[in-house]
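Build out the structure end to end from the sequences listed, making use of the hints.
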Amino acid sequence: MSVESTDSETADLPDEVGRHEFLIQGENAVNDPFESALTLKNAIDGMPKTKATFLLGHYFERQVARTLNKRILDLLGSWRVPDYYTQTSDRAMKWVNPNYHDKSRFAAVYVRCECGALVVREERSKGTVRVQGEHEHTDDCCREWRTAAREALVEARVDAVDDLVRLCHTPREIAPRFGLAPDGFHGNFLTPRSIDIEREKERARQRRANTAAVLLKRHSPSEVATVYDLSEEYVKREVRRWTDADPRDLYETRRARAREESNEAALDDVRRVIQTSGEKSRQQYDVDGKWRARTVERKFDTDWQGVLERAEVADDG
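Residues in the sequence shown are numbered consecutively from 1, following the UniProt record's numbering.
Incorrect hints may have been included.
To be verified - Here are the simulated BS3-like pairs of lysine-lysine, each with C-alpha atoms no more than 25 Å apart in a straight line:
1. Lys41 with Lys217
2. Lys51 with Lys41
3. Lys51 with Lys70
4. Lys70 with Lys201
5. Lys41 with Lys94
6. Lys217 with Lys70
7. Lys49 with Lys94
8. Lys49 with Lys70
Just so you know, these hints were derived from the structure itself, not from any lab.
Please read these numbers as outputs of a predicted model, since none were measured by experiment.
See below:
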């Protein structure tokens with residue numbers, strides 16, 4: 001008997017509360033994973049409920065699609081279309097649309113009985129839906145094999161719950177991964193490990209708040225709220241509750257960073273003009289460039305103040 005799960009590629013989180021490191025840009029990283037998460041979340045939100053699957057290559061360049069951390073897809077409620085599904089013979093890796101009205105048929109957690117049968121659901125369990133590719137046990141399948149398969153399925157489900165609750169997923173959000181209707185999740189899934197679901201939910205909220213406190217130094221509350229599928233006010237309230245950070249201070253940090261980056265971009269434009277000028281007039285450009293750089297700095301000091309005043313109305317920290 002074999003145990004299979006499309007969530008097996010996800011890395012375990014450390015025992016301490018920690019953060020969602022997969023959303024935080026590393027010091028030497030070229031791409032910002034949060035920007036990728038935001039792009040994908042907006043794309044998913046725009047998908048119709050009749051669209052079953054999608055390809056990352058439709059929304060990212062090939063290199064970004066290949067290296068995108070799969071925890072981002074877990075967070076956004078998506079998972080890889082399982083190998084048993086009959087329409088996954090092509091080379092492109094497909095992902096389940098979280099908004100798809102019948103996503104339960106792409107069950108991500110399943111086992112194989114010794115007889116080869118695909119086991120997605122416990123027998124006679126309530127709230128289940130028929131999963132494509134699921135079939136009956138063979139005639140020579142014995143009771144011991146079926147019992148072992150059911151026990152392995154329960155263990156696989158508990159592993160998935162333990163993993164997904166760390167991302168603040170609710171039972172209704174987890175159930176479709178088990179091939180269940182949203183209301184098919186029940187507490188029996190947790191008994192083999194005695195998971196304290198309330199404690200884990202609290203730790204998950206703290207982990208999310210720790211992450212938001214870092215992200216808000218660079219990204220707006222609106223963007224962070226979009227990725228976590230929350231309201232802006234809730235994000236700021238959670239940061240205040242679970243961390244030592246103050247959203248208003250984070251706003252000031254974000255504003256200062258934006259001003260620094262904008263000024264640096266303007267000065268880069270001036271340097272580019274100087275560097276690309278002909279050798280004949282280079283000396284004069286150096287003089288003009290220094291004058292223009294000072295002018296740009298003064299202009300940005302004036303213009304940026306107006307931008308910040310308008311921003312304070314839209315984003316109060």
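Evaluation of the provided hints:
1. For the given pair, Lys41 sits about 20 Å from Lys217 by alpha-carbon distance, which is consistent with the 25 Å threshold.
2. For the hint pairing Lys51 with Lys41, the CA-to-CA distance comes to about 15 Å; that is within 25 Å, so the pair holds.
3. About 20 Å separates the Cα atoms of Lys51 and Lys70, which keeps this hinted pair within 25 Å; it holds.
4. Only pairs whose Cα atoms come within 25 Å are accepted, and Lys70 paired with Lys201 is accepted, the gap being roughly 21 Å.
5. Restraint check for Lys41 and Lys94: satisfied, since their Cα atoms lie roughly 16 Å apart, inside the 25 Å limit.
6. A hinted pair counts as satisfied when its Cα atoms are at most 25 Å apart, and Lys217 with Lys70 qualifies at roughly 24 Å.
7. Taken as a hint, the Lys49 and Lys94 pair is honoured in the structure, with Cα atoms around 16 Å apart against an allowance of 25 Å.
8. For the hint pairing Lys49 with Lys70, the CA-to-CA distance comes to about 22 Å; that is within 25 Å, so the pair holds.
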